[in-house]
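K.L.:
So the chains spell out like this:
2 protein chains.
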Amino acid sequence: MMKVIESIAEMAEISRQVHLRNQRLGFVPTMGYLHEGHLSLMRVARQDSDILAVSIFVNPTQFAPGEDFEKYPRNFEGDQVLCRQEGVDILFYPAAQEMYKPDHKTYVITDQLAARLCGIRRPTHFQGVTTIVAKLFNIIQPDLAVFGQKDAQQILIIRRMVEDLNFPVKIMVAPIIREADGLAMSSRNKYLTPDLRTKALVLNRALREAERLIQGGEKKTRIIEESMLGMIRMVPEVRLDYLAIVDSNNLEPVAEIKSNTLIDLAAYLGTTRLIDNVLIT
Amino acid sequence: MMKVIESIAEMAEISRQVHLRNQRLGFVPTMGYLHEGHLSLMRVARQDSDILAVSIFVNPTQFAPGEDFEKYPRNFEGDQVLCRQEGVDILFYPAAQEMYKPDHKTYVITDQLAARLCGIRRPTHFQGVTTIVAKLFNIIQPDLAVFGQKDAQQILIIRRMVEDLNFPVKIMVAPIIREADGLAMSSRNKYLTPDLRTKALVLNRALREAERLIQGGEKKTRIIEESMLGMIRMVPEVRLDYLAIVDSNNLEPVAEIKSNTLIDLAAYLGTTRLIDNVLIT
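Residue numbers (our numbering), protein chains in the order written: chain W, 1 to 281; chain L, 1 to 281.
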């Protein structure tokens, strides 16, 4: 029977009881409007947990003024049904005023990593992410937490935070889940008109092209970038924010493909910002 | 039998075992060179704990370049004797390279609070304090932690961090412990020559004068400040860094004394920086 918990104090007490029973607590933080990508994270967490906790919280501090915080899609009724189907034990669903007091002043920062890639256009985004994840870890005290590879930069930053601040939490990563046509699943896909939805497919096509070139032996990132950019420029509705071929451990650009190279991109379609990536292992 | 632990992993595992036994874990973080002030914190923690952990770690990130990190006094042998006498169960004594990896990038910040008072002269000091305390809380997982009122701004910042980031730790505060002549105890007092040691007493005398005025009914902070400044200026060897009469909840200056007013000061004697304060309750 899934418990829905809105209070921090109640959530913390439940976690304490779970640990007193020496049960392993798995955790998946989400902003709700759940799709197959989120459910795949829950399945990964489930395998390694006695108790599975999911949070649904649209975190205001990771949105800048003018971004889509207010209109970010929400569907708590539907989300509850999906969580029950996935065997979630605890659904933590706090209100914004429960999570942030009016005089909130503390943030967790990971300077250089947070300033790159998505951080160029969204300079306060990752500070909001690390702060809310630190809060959720302290409230829920999970033994493990699962994040999606789609948010590649977020994973790097969360791993760095966990290591630097010694959170006793194992971070697990689950692969990108795509629609049948290849579009990476995202709650923001719902913003797209049918036409832009089709146009957005070029992002995944460009990533597949990069993989094809690399499998064919191409090492030079300049060649791969040019090929990807050529494809994306064919679709003028896709305004590229960045395309970056970087070391996935530090986000530094690499001149030649090696293991742990991340090919990462972000683009606007109308006002909708989408991200996608491929990790060369 | 006191355990001395140098490894983070070992410390975390011991804490896990303590919690599995449902024992209450109290914690006193220190930078070592222990004096009666530290011991008083341990006694406060002991009263409310089944297991008492103390850390000794001279934290490099709270010293700026040119400050006294290298020469900060250390006496691990003597500290161990004192901890055993106080019935400490676990002494956590990690090396600097155990606590900070070369690519450490994550910091906990409490913006406005950390920029005031001591933060004016030491702009990165409190970021180092919040970061190391967050790390120690995550490693040791204490139920309660005790800090000294002497570091009044630190207490406010730690409390704010604990509340904002939802650390499941009760913060307790122990009063300032003074030498027989009134000087607030500090590991840095050892830097003082006998002459400066005597001159430093004016700091406590000025705070006592403030208390006397307030007990006599004086409300105006301007009058109290002028009286204190008059005393301190009589001792030219004491170079005042700041004298601030502020609301202890937000460090904002107050024009009239009310409850929770903090009278806080810092001064240099030679190159030694001392702090002292009184909290009007």
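Hints in this document: simulated from the structure, not taken from any laboratory. Among the hints, erroneous ones may be present.
Identical copies go unnamed one by one, so any copy, or any two together, can satisfy a pair.
[Said to hold, decoys possible] Derived pair list, reagent style BS3-like, types lysine-lysine, alpha-carbon separation capped at 30 Å:
no., residue 1, residue 2
1, 190, 219
2, 71, 220
3, 258, 101
4, 190, 105
5, 258, 105
6, 190, 258
7, 71, 101
8, 71, 170
9, 199, 170
10, 170, 101
11, 258, 71
12, 170, 105
13, 220, 258
14, 220, 190
15, 170, 3
16, 101, 199
17, 71, 190
18, 150, 258
Computed from a predicted model, the values in this text were never measured in an experiment.
K.L.:
Now, for every hint given, state plainly whether the structure supports it.
P.N.:
Going down the list of hints, with the structure as the test:
For the homomeric pair residue 190 and residue 219, neither the shortest alpha-carbon distance inside one copy (36 Å) nor that between copies (61 Å) is at most 30 Å. Taking the closest pair of Cα atoms, residue 71 and residue 220 never come within 30 Å of each other, the shortest separation being 41 Å inside a single copy and 50 Å across copies. In this homomeric assembly, residue 258 and residue 101 come within 30 Å of each other (Cα to Cα) only across copies, at 24 Å, whereas the closest approach inside a single copy is 45 Å. In the homo-oligomer, the alpha carbons of residue 190 and residue 105 never lie at most 30 Å apart, since the shortest distance is 34 Å inside one protomer and 35 Å across protomers.
When the C-alpha separation of residue 258 and residue 105 is checked against a cutoff of 30 Å, the pair qualifies only between copies, where the shortest distance is 24 Å, while the shortest distance within a copy is 41 Å. In this assembly of identical chains, the alpha carbons of residue 190 and residue 258 never lie at most 30 Å apart, being 35 Å within a copy and 55 Å across copies at closest. Taking identical chains as interchangeable, the C-alpha atoms of residue 71 and residue 101 lie at most 30 Å apart only when both belong to the same chain, with a minimum of 22 Å there against 41 Å between chains. In the homo-oligomer, the alpha carbons of residue 71 and residue 170 never lie at most 30 Å apart, since the shortest distance is 33 Å inside one protomer and 38 Å across protomers.
In the homo-oligomer, the alpha carbons of residue 199 and residue 170 never lie at most 30 Å apart, since the shortest distance is 38 Å inside one protomer and 54 Å across protomers. Both within a single protomer and between protomers do residue 170 and residue 101 lie at most 30 Å apart by alpha-carbon distance, with minima of 28 Å and 18 Å respectively. Proximity of residue 258 to residue 71 under the C-alpha cut-off of 30 Å is found in neither arrangement, the shortest distances being 40 Å within a copy and 45 Å between copies. For a Cα distance limit of 30 Å, the shortest separation of residue 170 from residue 105 qualifies both inside one copy, at 27 Å, and across copies, at 19 Å.
When the C-alpha separation of residue 220 and residue 258 is checked against a cutoff of 30 Å, the pair qualifies only within one copy, where the shortest distance is 10 Å, while the shortest distance between copies is 68 Å. Taking the closest pair of Cα atoms, residue 220 and residue 190 never come within 30 Å of each other, the shortest separation being 36 Å inside a single copy and 61 Å across copies. In this assembly of identical chains, residue 170 and residue 3 lie within 30 Å of each other by CA distance both inside one copy and across copies; the values are 24 Å within and 27 Å between. In this homomeric assembly, residue 101 and residue 199 never come within 30 Å of each other (Cα to Cα): the closest approach is 42 Å inside a single copy and 44 Å across copies.
Taking the closest pair of Cα atoms, residue 71 and residue 190 come within 30 Å of each other only inside a single copy of the chain (11 Å); across copies the shortest separation is 60 Å, beyond that limit. When the C-alpha separation of residue 150 and residue 258 is checked against a cutoff of 30 Å, the pair qualifies only within one copy, where the shortest distance is 20 Å, while the shortest distance between copies is 53 Å.
Comparing the model with each numbered hint stated earlier shows that hints 1, 2, 4, 6, 8, 9, 11, 14 and 16 do not hold.
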